[in-house]
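Undergrad: Using the sequences provided together with the hints, build the complete structure.
Taken in sequence, the protein lines are chains P and A.
First residue of the first sequence: 626, per the numbering used here; consecutive thereafter.
First residue of the second sequence: 317, per the numbering used here; consecutive thereafter.
Read the hints as simulated data drawn from the structure, not as lab findings.
Please note that a few of the clues may not be correct.
Heads up, simulated DSBU-like pairs for lysine-lysine below, C-alpha to C-alpha not over 35 Å straight-line [said to hold, decoys possible]:
(1) A:Lys418 / P:Lys647
(2) P:Lys762 / P:Lys647
(3) A:Lys418 / P:Lys762
(4) P:Lys749 / P:Lys647
(5) P:Lys762 / A:Lys423
Note that the structure is a prediction, hence the values are computed from the model and not measured.
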Amino acid sequence: MSRRILATAAAATLLACATSQKDHSALMAAQVRSILVVPVMNRSVDVTAPDYFLSTVPVPIAERGYYVFPVNLVKRLLEDDGLADPGLVHAADTARLASIFGADAVLYVTIERWDARWILLSTKVTVEFSYVLRDGKTGATLWAEHQTIQYQSNDGGGGLIGAVINAAVTRAAPNYMPLARQANAKALAYPGPGFPAGPHHPLHGNDWSPPGGVVAVAPTPAAPATTAPVPNAATPSAAAERKPELVPASK
Amino acid sequence: MRAPARMVLALAALGAAACGGGRGLYYWNGYDVALYQHYRNPQDHEAFVAALVTTVREADERGLRVPPGVSAELGYALFEEGRAGEAVPWFDRERREWPESKVLMEKMIRNATQRAAQQPPSAASTTGPAGAATQGGGK
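TA: What follows is the structure, encoded as structure tokens:
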């Protein structure tokens, strides 16, 4: 039985990144090179969530080939400017914000849910985020995405599934980070809903064609998918997929 | 039963890695974890600086690319410790390696240079990581 759950979860993970019908025309037309990730807005009750989540955002965006402004530096500068409340930042004029930092686009991320519920012997952890990328010149929405990742432990499992559970969740203090990383990975995956390769990616210009082109997409599955957490998601191996030809580029 | 289950897991991991955009362009060395730890435990500022210094140094040693933002983040972490003079070369490195950062980095360099001029030269400079940081930034 537990094997079936695993298989379903694995299939969901595989499917999730292969399927999307998002129109990337606006994003591609804007020719974005740099993305300013502003502090995360929080609609959950966990006050630590926004900063923790912020730490997971830059890596997957940069790996899509875009310049990502230093998130902590940006956050501190905004705080110094009296914008300590992310709500104020999110409500501020995008074009003005972008011009201060010299950013092509601004990414606004909101935590919709970040909670754990205990039901008898099992723990259900849910993270839910919305992502909006706005044009730094016009403020127009270039891209938007929404992800929910839910994880339910099951103490009856034991064995391997027990190990998997422990990787993502401990009963005393649920570890949201693997789920948060997984949500980002799904949101930014391409082919999929995410960003086509940016200017620093070797596939830039070759992995997207205007609607009517050949980029084939399958129907989108029902939005929130429950998937198994990926082991070792917290320790990315930088060496795994190195592109040697990129190394000397900036030196 | 174990082996097939493990295979499925490996497959899932592979799938996620493949669609996660491939963590391959840069040498991150746990930058996200360092940030997370910094937010978890802001008092331990030294550890944040040390993690960033290690990332840049190891990337240089291995001939790998330092990710966007990391040099600037290091510069700012030093700036926050009152080591404004040491911050400047890092902001400058970010600007050189990532032209996209030019507007912001020029502001940062101006601020840090001003701040450094106001500080007595001996006030902030100490031994240890300070020397290491300057070494890397000079390159």
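Undergrad: Next step is simple, just say for each hint if it's right about the structure.
TA: How the hints compare with the structure:
1. Restraint check for lysine 418 of chain A and lysine 647 of chain P: satisfied, since their Cα atoms lie roughly 32 Å apart, inside the 35 Å limit.
2. Between lysine 762 of chain P and lysine 647 of chain P the CA atoms are separated by roughly 22 Å; this keeps the pair inside 35 Å, and the hint holds.
3. With a CA separation close to 17 Å, the supplied pair lysine 418 of chain A and lysine 762 of chain P stays within the 35 Å bound.
4. At most 35 Å may separate the alpha-carbon atoms for a hinted pair to count; lysine 749 of chain P and lysine 647 of chain P meet this at roughly 30 Å.
5. Among the hinted pairs, lysine 762 of chain P with lysine 423 of chain A is consistent with the structure: their alpha-carbon atoms are about 20 Å apart, no more than 35 Å.
Consistency note: the structure conflicts with none of the earlier hints.
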